[in-house]
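Add 1416 to a position in the sequence shown, counting from 1, and you land on the number used in our numbering.
Heads up, a few of these hints could be off.
As the list claims (entries may be wrong) - Within a straight-line C-alpha distance of at most 25 Å, the following computed BS3-like cross-link-like pairs (lysine-lysine) qualify:
| # | residue 1 | residue 2 |
| --- | --- | --- |
| 1 | K1706 | K1482 |
| 2 | K1613 | K1625 |
| 3 | K1482 | K1465 |
| 4 | K1613 | K1561 |
| 5 | K1465 | K1511 |
| 6 | K1613 | K1628 |
| 7 | K1555 | K1613 |
| 8 | K1634 | K1613 |
| 9 | K1482 | K1511 |
| 10 | K1695 | K1706 |
| 11 | K1613 | K1553 |
Said to hold, decoys possible - Distance windows between CB atoms, simulated:
| # | residue 1 | residue 2 | range |
| --- | --- | --- | --- |
| 12 | R1660 | W1585 | 32 to 42 Å |
| 13 | R1619 | G1516 | 47 to 57 Å |
| 14 | D1507 | L1614 | 52 to 62 Å |
| 15 | L1508 | P1656 | 21 to 31 Å |
| 16 | G1616 | M1708 | 33 to 43 Å |
| 17 | L1549 | D1484 | 44 to 54 Å |
| 18 | L1508 | H1713 | 27 to 37 Å |
Calculated directly from the structure, the hints in this document are not laboratory data. Where a beta carbon is used, it is the ideal one built from N, C-alpha and C, also for glycine.
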Amino acid sequence: MSNVTSGKAAAVRWSRPLALVLLCVLLTSCTRTKTPPALAPDWILHHGKVFTVDRDFRIAQAVAVKDDEFVAVGSDEEVLALAGDRTRLMDLEGKAVLPGIIDSHVHALSYGLNASRLTFAVTPVIHTVESMLQVVKTKAQAAPKGSWIAGRGPFSLDFVREGRLPTRWELDQVAPDHPVYINMQGHVGLANSLALKLAGITRNTPDPKGGKIVRDPKSGEPNGLLLEEFAWGPVARLLPQFGRSDLVEAVRTANRLFNEAGITSVVDPDGGVEESRDKMDALEEVWRNKEMTARWHVLYRFRGTAFADK
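Work out the full structure: start from the sequences and follow the hints.
What follows is the structure, encoded as structure tokens:
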């Protein structure tokens, strides 16, 4: 009995390598003529510098791709010999080809949503308080009165020349008729007076457990800065909710921006459990439409505010 079992296991173990050997033989035998369409690659990228990142860190000239998988890596002569009548060729003209980059922590859906909204991106350009206020002013001038102006702030104060964010009163000057909310790196919220009023945050509002309402040292009034979700949550929850079409478009936008940066896989911890179903529905729709150009590994995140009173 054990011998029979071992024989079956061996057959299973050898079935795939044997198939690969047969494929290599078939491909080799076809180098004198065109490769049969069923075996020919869909794409061949040649005349480049292909960084394999294998054990020896070899640099090849060309690669062949079939059904979205690499099927050959080698010299131009070796790989071009596999071309069939329908194989598409891309001359890299000496350009480099790198393996796809994996971003192990990116709030991918929020990134896609914010790409079309007010955003102070992390760039080599150092922002100033004045330049940030100008962006808010421009958005407010184009938006109906009373509508929300919202988006992401710079990743850290290192990207702001003055080393600070605008105050609620400075935001009021450029957007007096719009509630304004800006979030920086998920830990710092910034709101103008109208946004604070709508959220019910006043001078007499105590600091929530786990958060802080930053106040002007002279007047004691909130200056617009809200530290951690326990403090900025009441404002953020007033923002208009995104519909299904918004989420689907955000996935498409995020994928496009990731691919432009060479990112092909992401790990996304974005959103709490209550939001994840909508996100998954949007991802599945893009996937069903065969528009997914990056792999998303989606994690559930339990928000601390859900356990604030526990």
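Evaluation of the provided hints:
For the given pair, K1706 sits about 16 Å from K1482 by alpha-carbon distance, which is consistent with the 25 Å threshold. A threshold of 25 Å between alpha carbons decides the hint, and for K1613 with K1625 the separation of about 20 Å falls inside it, so the pair holds. Annotation: proposed proximity of K1482 to K1465 holds, straight-line Cα distance about 20 Å (limit 25 Å). As the CA atoms of K1613 and K1561 are separated by approximately 16 Å, the hinted pair is consistent with the 25 Å bound.
Between K1465 and K1511 the alpha-carbon distance is near 6 Å, which keeps this suggested pair within the 25 Å criterion. For the hint pairing K1613 with K1628, the CA-to-CA distance comes to about 17 Å; that is within 25 Å, so the pair holds. Our distance criterion of 25 Å between C-alpha atoms is met by K1555 and K1613, whose separation comes to about 21 Å. Our distance criterion of 25 Å between C-alpha atoms is met by K1634 and K1613, whose separation comes to about 20 Å.
Distance check on the hinted pair: K1482 and K1511 sit about 21 Å apart at the alpha-carbon level, within 25 Å; holds. This hinted pair checks out: K1695 and K1706 have alpha carbons roughly 17 Å apart, not beyond 25 Å. Among the hinted pairs, K1613 with K1553 is consistent with the structure: their alpha-carbon atoms are about 20 Å apart, no more than 25 Å. Under the hint 32 to 42 Å, the C-beta atoms of R1660 and W1585, about 38 Å apart, fit the expected range.
A hinted range of 47 to 57 Å holds for the C-beta pair R1619 and G1516, which are about 51 Å apart. The hinted window of 52 to 62 Å between D1507 and L1614 holds, with their beta carbons roughly 58 Å apart. Between L1508 and P1656 the beta carbon distance is about 45 Å. The supplied range of 21 to 31 Å is therefore violated. Take G1616 and M1708: their Cβ atoms lie about 41 Å apart, and the range 33 to 43 Å holds.
For the pair L1549 and D1484, the supplied restraint of 44 to 54 Å holds, since their beta-carbon distance comes to about 46 Å. For the pair L1508 and H1713, the supplied restraint of 27 to 37 Å holds, since their beta-carbon distance comes to about 30 Å.
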